[in-house]
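Number of protein chains: 2
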Amino acid sequence: MQRILSTQLAQHVGKTVTVAGWVHRLRLLKSVAFLIVRDAEGLSQVVVKEAKMLGTLTEESVVEVSATVTRNEQAPGGVELTGPSIRVLSAVDVPLPFELHRPALSASLPTQLDHAALALRHPVRRAALKVAAAATAGFRTALSGQRFVEIQTPKIVGSSTESGADVFGIDYFGRPAYLAQSPQFYKQLMVGVFERVFEVGPVFRAEPSDTARHLAQYTSLDAEMGFVADHRDVMAALTRTLSVMMATVAARTRVTTPKVLPEIPAVSFTEALRIAGAAEGEEDLAPAHERALGEWALREHDSEFLYVTGYPMRKRPFYTHPDPASPAYSNGFDLLFRGLEIVTGGQRLHRYDDYVAALAAAGEPLEPYRGYLDGFRYGMPPHGGWAIGLERFVARLLGIANVREATAFPRDLHRVTP
Amino acid sequence: MQRILSTQLAQHVGKTVTVAGWVHRLRLLKSVAFLIVRDAEGLSQVVVKEAKMLGTLTEESVVEVSATVTRNEQAPGGVELTGPSIRVLSAVDVPLPFELHRPALSASLPTQLDHAALALRHPVRRAALKVAAAATAGFRTALSGQRFVEIQTPKIVGSSTESGADVFGIDYFGRPAYLAQSPQFYKQLMVGVFERVFEVGPVFRAEPSDTARHLAQYTSLDAEMGFVADHRDVMAALTRTLSVMMATVAARTRVTTPKVLPEIPAVSFTEALRIAGAAEGEEDLAPAHERALGEWALREHDSEFLYVTGYPMRKRPFYTHPDPASPAYSNGFDLLFRGLEIVTGGQRLHRYDDYVAALAAAGEPLEPYRGYLDGFRYGMPPHGGWAIGLERFVARLLGIANVREATAFPRDLHRVTP
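Line order of the protein sequences matches chains A and B. Those letters in the first sequence? Residues 1 to 418, by our numbering. Those letters in the second sequence? Residues 1 to 418, by our numbering.
Note that these hints are calculated values from the structure, not bench results. Only a predicted model underlies this, so the values are computations on that prediction, with no experimental measurement involved. All the given hints hold, so there is nothing to weed out.
Label pairs and their in silico Cβ distance ranges:
# : chain 1 : residue 1 : chain 2 : residue 2 : range
1 : A       : T211      : B       : T270      : 51 to 61 Å
2 : A       : P265      : B       : G145      : 35 to 45 Å
3 : A       : E271      : B       : Q74       : 53 to 63 Å
4 : A       : R147      : B       : T70       : 25 to 35 Å
5 : A       : E364      : B       : T70       : 42 to 52 Å
6 : B       : R102      : A       : L366      : 23 to 33 Å
We put the CB at the ideal spot given by N, CA and C, even for glycine.
Input sequences plus hints: build the corresponding full structure.
Printed below as a string of structure tokens:
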């Protein structure tokens with residue numbers, strides 16, 4: 001018999017159907033037992049009159065149940081399954097390290113991560129990954145609608161550029177190579193091919209700090225676009241993208257998403273320092289400053305998002321385009337979401353000579369950047385882009401304190417399994 | 001003035017517009033010069049009466065041209081730009097290693113790959129990447145429509161499993177780790193969470209062979225689904241997916257795509273040997289056999305696709321589910337496209353004890369698989385899935401001989417740049 005889903009039961013009242021899923025919970029009462037079966041869409045309640053029918057059935061075993069759909073206002077969804085026959089597809093014969101049927105997982109995070117394949121079945125953990133999937137789908141929909149072309153770029157690179165310290169080394173057929181810390185250079189080169197490109201892919205940071213915000217591998221939602229006047233064109237494209245991402249999350253999940261204003265408020269770095277009450281000479285925003293800015297944006301503009309533009313050049317990577325009117329400041333921006341930076345972006349240099357000068361000024365050798373810079377010799381338009389850290393975005397959206405709970409199998413300083 | 005695209009020119013006849021792009025070609029005639037500007041969508045022809053206006057302008061420089069749109073039946077698209085003013089956004093002042101405006105790139109493949117940022121601008125190279133983007137989008141659309149949830153899994157793993165030899169080693173915070181050769185184990189574990197999952201991501205093979213078919217990094221289109229009866233449910237889902245992939249490529253590009261029959265013909269491995277004229281005892285299909293099968297499927301079934309099912313267990317990975325009726329053969333399949341295998345899939349083992357037995361039979365230790373196998377202790381339904389190699393798929397679809405031309409920045413035994 002064709003299996004149906006828990007959410008389809010109400011359409012089959014009075015009929016015999018087959019459901020299948022995991023034993024979410026077993027409730028053995030005096031005269032009756034309830035078997036709660038969990039499938040991809042929800043729960044089904046199966047009424048079992050003869051407890052011996054359950055045999056040695058344990059939670060998380062996989063079962064197929066054929067039974068009659070019966071109305072019962074007390075049951076979840078108003079229906080339950082009666083007169084069942086039960087077939088066990090996979091029996092669980094070891095004790096579970098923790099229970100899945102409570103509203104929250106009681107196990108510590110390390111225990112959850114050790115048993116990720118089990119912990120991720122909990123509705124709260126599942127929901128975070130569904131939000132990540134929806135946000136990613138929205139990102140792609142938004143960009144495809146704005147003429148961006150999807151690309152796939154190398155994750156193994158020949159030289160460690162960007163921030164040399166936090167890079168993983170590889171043995172590449174006996175030669176040294178590295179895991180890419182971002183698709184930055186490749187997405188810029190691909191602006192020369194498609195004008196507008198995006199990539200969703202893993203990036204790798206050999207981040208030695210063990211914090212609630214850092215992962216050794218995370219998913220980066222990257223975009224880059226050519227023929228911009230300056231960073232404001234990039235911000236406008238990002239705002240449209242963010243709006244579609246939120247709409248997609250709202251449509252596909254039960255999460256209430258924040259409003260994205262058609263024009264997200266923007267303040268310059270120097271204004272931001274003043275608003276946050278920071279000292280005038282500061283060169284970056286501390287977490288407390290970002291929080292203060294988040295509160296200010298909500299209060300003054302009714303916005304949970306805020307752009308901060310014009311960060312000092314000294315604090316931005318060498319490929320950042322300076323503000324032509326004020327070259328100590330950049331055409332770079334951050335996007336704060338509820339007082340936390342979740343996107344970094346900006347206009348990039350586009351002329352070869354400017355790159356040579358910027359690397360010289362930074363005291364960096366030209367050689368490791370050769371393959372990247374050659375592309376700029378052959379004509380690149382003014383361009384810019386951004387990168388969204390998916391796990392941080394999801395964590396911020398759902399109020400998850402540790403980014404490890406916003407990904408399936410996190411990698412960090414101490415963890416490389418499962 | 002707002003820039004318009006080359007494809008929009010015909011809507012602006014008689015008006016002054018701005019286009020921007022790369023100098024695709026300069027044609028200097030006796031009394032007039034033609035400047036062909038290439039943008040993301042196509043070409044614009046600019047008529048330049050005074051040759052000196054072009055100054056030292058060179059091909060691939062980036063320009064912005066304001067001019068009047070004028071009808072001319074001889075011009076591409078029936079319109080050209082007259083009375084231009086030209087602004088150079090990025091000047092190219094080095095000789096190009098090859099010309100881009102010929103119908104085919106004349107440079108050797110290594111030269112093209114050395115200068116990938118330039119070579120990829122050629123319409124033929126661009127087209128292959130656009131087909132890859134469309135196929136990928138179709139893959140996701142098809143699977144999202146069949147209740148599959150997108151996942152992101154680790155590319156850094158703690159133990160080298162699958163095919164130990166061809167694995168890249170990493171220095172992971174001073175400990176050994178490896179680049180994932182596939183998301184196989186993770187997508188299986190995620191069946192326990194979402195029932196149906198897919199992933200589009202890079203996989204890594206330290207493949208020591210330098211062939212036209214191998215890449216050290218390629219893009220794998222992976223799917224895995226639970227609650228299947230056997231591999232035929234997986235094949236049905238793959239067929240639907242393939243059909244949407246082809247429709248998406250046809251809709252988004254100029255490529256004529258092959259028909260995907262609602263039911264792709266399938267032959268068993270033993271039948272396949274007979275059809276291909278191979279010796280009865282063979283344990284795998286040689287390339288010549290696959291080609292013969294491709295011709296047979298076209299002739300007998302008018303299909304460019306053919307499933308071969310029931311490969312011998314000895315030739316399939318340990319997690320493959322045997323055919324219950326004939327346990328020396330597997331519930332695994334390959335999909336041939338024009339006589340070449342482009343998809344491998346099948347039903348997997350789903351019970352912990354079966355995994356322990358299969359590893360013992362293969363003479364493999366249990367320990368490296370511990371993190372993976374634990375998931376199977378906690379209840380997994382019968383399941384199966386497949387992996388499509390994106391670059392091979394695109395190469396086969398477009399008749400590209402070397403898979404390196406179906407990706408932007410290939411990685412192989414000899415190449416780790418640009």
